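Using the hints, position chain B against chain A.
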Amino acid sequence: MATLKVSDSVPAPSEDAEQLRTAFEGWGTNEDLIISILGHRSAEQRKQIRQSYHETYGEDLLKTLDKELSNDFERAILLWTLEPAERDALLTNEATKRWTSSNQVLMEVACTRTSTQLLHARQAYHARYKKSLEEDVAHHTTGDFRKLLVPLVTSYRYEGDEVNMTLAKQEAKLIHEKIKDKHYTDEDVIRILSTRSKAQINATFNRYQDDHGEEILKSLEEGDDDDKFLSLLRSTIQCLTRPELYFVDVLRSAINKTGTDEGALTRIVTTRAEIDLKVIGEEYQRRNSIPLEKAITKDTRGDYEKMLVALLGEDDA
Amino acid sequence: MALPLDLESLTEAFSGNLGMGVDENALISTLGKSHKDHRKLFRKASKGFFVEDEERAFEKCHDHFVRHLKLEFSRFNNAVVMWAMHPWERDARLMKKALKKGEEAYNLIVEVACTRSAEDLLGARKAYHSLFDQSMEEDIASHVHGPNRKLLVGLVSAYRYEGNKVKDDSAKSEAKTLAEAVASRGEEVVEKDEVVRILTTRSKPHLQHVYKHFNDIKGSDLLGGVSHSSLLNEALLCLLKPAVYFSKILDASLNNEADKTTKKWLTRVFVTRADHSDEMKEIKEEYNKLYGETLPQRIQDKIKGNYRDFLITLLSKSD
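Chains as they are written, first to last, in the numbering used here: chain A, 1 to 317; chain B, 1 to 319.
One chain only, chain A, in its complex shape:
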């Protein structure tokens, strides 16, 4: 469930745009105003505000934000204001660039979005970067990582609930055999993870647990800790079966890291606030005995903190 709080009666997009304009005028920037507006509008509403702002002031709202804001707060506002598809296109494009490369982000976007959302991200990628997502991912990844990531980002999974139990049994057995021999990069393992529907994958791993008495993720713990591919494989499975747990793990390490990994924190909060941040927050509290909001406010400051809190639905606006 989403954590975003939007009041039942929001001002017209043109009014919001006008208010935002005032936030930029004069010395400094009225970040509180920005948070109180943008932090409480849905994706569709934000889109209309952007449009209205552009029509009235001849400038892209994001460009203005870029000029006026800086650092973590700006990043949070930027990511938040973009439409989900554009946001995913931006995140994945960054993930293929040398200094910001991240196989994890590529996998995360590919596996936690619905088929339609992933498709929209690919379309937005064409429009924004004049290339396809897959050509960039293929070009900038190598070896086993490429073998896994390209199929993941190009998948267009069936989204129905139908499950073939015989197939689940067969594929659970196959996976077990490969994992037993530590063949983590096996073609068939990758094939199953990158083409089967999420319902089918869940059925397969449930069967795996029934047949072998332990969860697949537990079985994968036997491997080498330094094996980056294995680590990515584990996260892939987690994203496909229990995404909220994956997000809890990422949030926890982002927050506990000395200095806080704002990149990951910002990314998760802005991409999930309208999807399932509530569930993620509940799981977070269950596993860490501290509410997510508390953990975040302990570790962040200023406008950045205020923005995150707003998106968590915990501010008083």
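Wrong hints could be hidden among the right ones.
[Claimed, not checked] Think about it this way: if two alpha-carbon atoms lie no more than 35 angstroms apart in a straight line, the pair counts; the simulated DSBU-like pairs of lysine-lysine are:
1) B:K241 <-> B:K317
2) A:K97 <-> B:K172
3) B:K260 <-> B:K33
4) B:K96 <-> A:K173
5) A:K147 <-> B:K96
6) B:K212 <-> A:K147
7) A:K198 <-> B:K126
8) B:K218 <-> B:K100
9) A:K178 <-> B:K100
10) A:K147 <-> B:K165
11) A:K67 <-> B:K264
Bear in mind the hints are in silico, worked out from the structure with no lab data behind them. Note that the structure is predicted; figures quoted are calculated from it, not measured.
Chain B only, in chain A's frame:
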């Protein structure tokens, strides 16, 4: 009084002489009007279609006569059904059929994946979900084994950029990569990750640039059959020169030696391409260039009846 049946022209009407389709009008006016004695004479004379049972004094049909008629009568039927279908469903069903048939039909997968626009290929994938309750890529991945799997799955999963922007130096370096892959001994070209990457992710305009640079570097044609994998060679042709590809398979289907399966290609190409006038125009030109006669003329000469008229009508949409 009805005239005796002319064996030659009746056989023609059935397309018993290497034609295709059936001449419905001729069948009505000759066979339909015929006297039963003349039909008996026809059966006795028609050794290809009927066999004398001397003991019991009658002429029975060869099995293959019945099969032949069924096939020839159904060409028009199949063309119409295919034509009425949504292009996405058409392509999804073609893919499914190819998978069921097995390796010898995998060229169909290459054809659909490489000659459709990004949106049309995507549409076929959507239709696949709807028709078969699974994704196209999962079906292909689980049925295809061996070196061609990665190529085929990659080709159908592509959602290529369709703009004209190309980074020429990138194209040049990829041409070099391809040239090296083709030259090297050892691993088959289709198994080389870099080759598959380039073919399954790059935009078509980009690939045109790669093609040009390859030919400059290597001095030989990338389309000259660089791989042992016929699917790879076909993919290259479909991506770079679809009009040539379609002309070739049309010619194969119209060839007198064509087998049952190959003949069916005729319907498929016409029905799936007729809505794309520009492409159809190019195919007509290319066909003429390659084979010295026009496609309409060839159809007129070889095909009969409603099937012929239907094909000619489809063809004329791009005049």
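Each hint, compared with the structure:
1. As the CA atoms of K241 (chain B) and K317 (chain B) are separated by approximately 22 angstroms, the hinted pair is consistent with the 35 angstroms bound.
2. Straight-line distance between C-alpha atoms of K97 (chain A) and K172 (chain B) comes to about 21 angstroms, which keeps the hinted pair within the 35 angstroms bound.
3. Proximity of K260 (chain B) to K33 (chain B) is assessed by CA-CA distance (about 31 angstroms); at most 35 angstroms being required, the pair is judged to hold.
4. Note on K96 (chain B) and K173 (chain A): the hinted pairing holds, with a Cα-Cα distance of about 26 angstroms set against a maximum of 35 angstroms.
5. Annotation: proposed proximity of K147 (chain A) to K96 (chain B) holds, straight-line Cα distance about 25 angstroms (limit 35 angstroms).
6. Only pairs whose Cα atoms come within 35 angstroms are accepted, and K212 (chain B) paired with K147 (chain A) is accepted, the gap being roughly 28 angstroms.
7. This hinted pair checks out: K198 (chain A) and K126 (chain B) have alpha carbons roughly 16 angstroms apart, not beyond 35 angstroms.
8. Restraint check: the Cα-Cα separation between K218 (chain B) and K100 (chain B) comes to about 39 angstroms, which exceeds 35 angstroms; the hinted pair is violated.
9. As the CA atoms of K178 (chain A) and K100 (chain B) are separated by approximately 27 angstroms, the hinted pair is consistent with the 35 angstroms bound.
10. Distance hint between K147 (chain A) and K165 (chain B) is fulfilled; the C-alpha atoms sit about 27 angstroms from each other, no more than 35 angstroms.
11. A threshold of 35 angstroms between alpha carbons decides the hint, and for K67 (chain A) with K264 (chain B) the separation of about 62 angstroms lies outside it, so the pair is violated.
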